[in-house]
Amino acid sequence: MNFTFNDEQQMLADSIGRFVQDEYDFESRRKRLAAHGQSAPGYSEALWTRLADMGLFALNVPEAFGGIGGGPVETMIVMEALGRGLVLEPYVATGVIAARLIATHGSEALKDGFLQRIAEGKLRVSLAAYEPQARYDLHDVSTRAERHDGGWRLHGAKSVVLHGDSADWFIVTARTRPAATAAEGLTLFLVDAKAAGVSVQGFPTIDNQCCAELRLDGVTVADALVVGAVDQGLALAEWSVDQGIAALAAEAVGCMERLTELTCEYIGTRKQFGVAIGSFQALQHRTADMRIAVEQARALALMAAAHVDNNDRATRRRAASAAKAMAGRSGRFVGEQATQLHGGMGMTDEMACGHYFKRLTAIDMTWGNSEHHVELYGDFL
Amino acid sequence: MDLHESADEQRFRAEVRQFVAANLPDDIRAKVLGFLRVEREDYVRWQRILAARGWGAPGWPKDQGGCGWNAVQRNIFEEECFTAGAPRQMPFGLSMIAPVLMKYGTPAQKERFLPRIVSMDDWWCQGYSEPGAGSDLASLKTRAELKGSHYVVTGQKIWTSFAQWANWMFALVRTDASGKPQRGISLLLIPMDSKGITVRPIKTLDGGYDVNEVFLDNVEVPAENLVGEENDGWTLAKFLLGHERTAIAGLGMCKRLLRRLKEVASTQAKHGRPLLQDPRFRDRVAQIEIDVLAHEWSLARLISLEQAGRGLGAEPSMLKIRGSEIQGELGRLLMECAGPQALPFVDEATVFGYEGLGAKAIELNPLAGVYLDLRKVAIYGGTNEIQRGLIGKSLVAL
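Line by line, the protein sequences are chains A and B. Quick note on numbering: the working numbering labels position 21 of the first sequence as 24, and the sequence is numbered without any gaps. Quick note on numbering: the working numbering labels position 80 of the second sequence as 119, and the sequence is numbered without any gaps.
No lab work stands behind these hints, which were simulated from the structure alone. Idealized CB from N, CA, C, for every residue including glycine. Keep in mind that a hint or two might mislead.
As the list claims (entries may be wrong) - 20 angstroms max Cα-Cα, derived SDA-like pairs, lysine to any residue:
(1) 432(B) to 268(A)
(2) 277(B) to 267(B)
(3) 432(B) to 272(A)
(4) 301(B) to 381(A)
(5) 432(B) to 278(A)
(6) 309(B) to 382(A)
(7) 34(A) to 210(A)
Said to hold, decoys possible - If you want the footprint, here are the derived chain B segments under chain A, 3+ residues with CB under 8 angstroms:
(8) 44-54
(9) 330-343
(10) 357-371
I would like the entire structure built from these sequences, with the hints used as guidance.
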């Protein structure tokens, strides 16, 4: 094992680190947020383009399709840096999930149709896998797809689709066969946001990002837009979410680490009783526990990166659930401690602290919270 | 970055696993995995089996008769030995006094002591803590005065693990009380059969007698048993603390306890089904297994960084804290597995081969003791509060 970066990885880390430093100081971010208000897309088109120019969306695209052919470790490096900066431009669903899903499980036609454009940052994709009644159960799918005119017709609704308001395409799960168990008879489709019958209602999320409720009313989808095999979609949906989880786990590490640094800086300068409050042991011990929480999250983000493309489902699932459970628990701990150590300032929207806390909270509640993944992990004991 | 064990590392792991499986005596394995009493002779027997294979001193350099293994190999070795049920290699000689002797000892001291550490002809104990010097070790008061060719030592040590089995003790003693507490401390090697030494066993919460008080009353120690310079013992003590810092993680013990927990939770029933299938208990086992995984990956990461030449700062303190917290929780869960059977505690039943009353449920007998005993991990080797202080100070610039 070797946990040090090679030269390319170091260059990647440096270049994203520079981007975050240049564009994502807290004040610039706050100004941009204020300028967006609550209107779509809730992030900067110019910065999206810059991320694309840096090759970020090409990272998980194979070289044959104009990509870089990176893997989970490179994704982890990028996500950690994006987490440190609380970067608002949505990356995971397009740059990680869609790119990896199509490259790994898509037909040649899908690869030709999508990968180059993803690599160039010309497409935005959202994952629409969860439904209003389903909580975090990927198999609980009421959206149905019926054969129609040599293709499919989709009816149903998807809930809290992250960045769905600015998506060009959706990855949608739908029931193609009434099946004996919920796990069978699901299929994965790529749905064009501009197709007739697609309606999208966007709204903001707790962490100043955007999401949407998606309705599909008789949306026509061609056979060519099926990802993987018909009726075998659950395994792919699960695989896709695990790719996203590995990325989020790394983003959470970046958030937590930066938030711990900011908190230590704050208590090192804030004075009460004539001394920096960071000189008090009660506070120092809390920072030690924050640092430990970051380390635990980092350890399992590494484990997730090691196993997320493992062909053995149990190995992959186990690593993803462990990492997500830990990211949630550690993130909550670090966020709560940071808020407490910032005192009243921690409660204001004017300090970076709260924004990290909100992002960490959102990460926990996305694609299965800590409790959910501890439960899933229990299947592998 | 390469997040998978290399072919060499996998081969090495397999080699260790095979050797331990083939050579660890069954009675020792049963004692260790069953949390029964492990005797002096068991430790010595296993150490000699390892020494015969050339694995007696994993952390020592090759030219000193050690394995010359790097930290990754040592970690793999420890993990495999622990999970297979081998007794731990006693650290007091091998990884505490030996590295100090290698760096600061005289040629005569090295020649005399090092081989007998590997063969375990000598059993060492550590004379550090005193009733008034725990976390604040430098305030130790045991006095040593040079009179002719001997130091005369008077004072008291406490928490001395296995002093009852030891024939040597390395002890920090005060040779000068005039300056700062850290000055004036010396490191002496003291034969335990010296006149004036009394060992009083301390009974601990699990009913065991691993720790002792050692009273020293005008004990004469030959002057040649001083290690390093007189009054410079604190330097040696700090060197000792800085040695194999990642070994403090206790990952092998975590994995052994976890494996045992899953076994016991599979055999004990709740509401007519295995406890491991009870949703509440299962979540807790899942949670602690996730914690063990994080601990394992964190240790691997820190070892790798250290090998790449990045000095470790307060990071080993994180390993100590997490390792102890995880062992504590595993002990708690193990005890809870026993349910009402956590109550009976038959002292004789902690001895291998017991066939008396209640022998059927006897595998549960030690579990409450294990739980209680594991609290010590958060206390010894620098309490978790001391460790948190070290981490906190490294984080907050004042």
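**OP:** Check each numbered hint from earlier against the structure, then list the numbers of those it violates in ascending order.
**Re:** none
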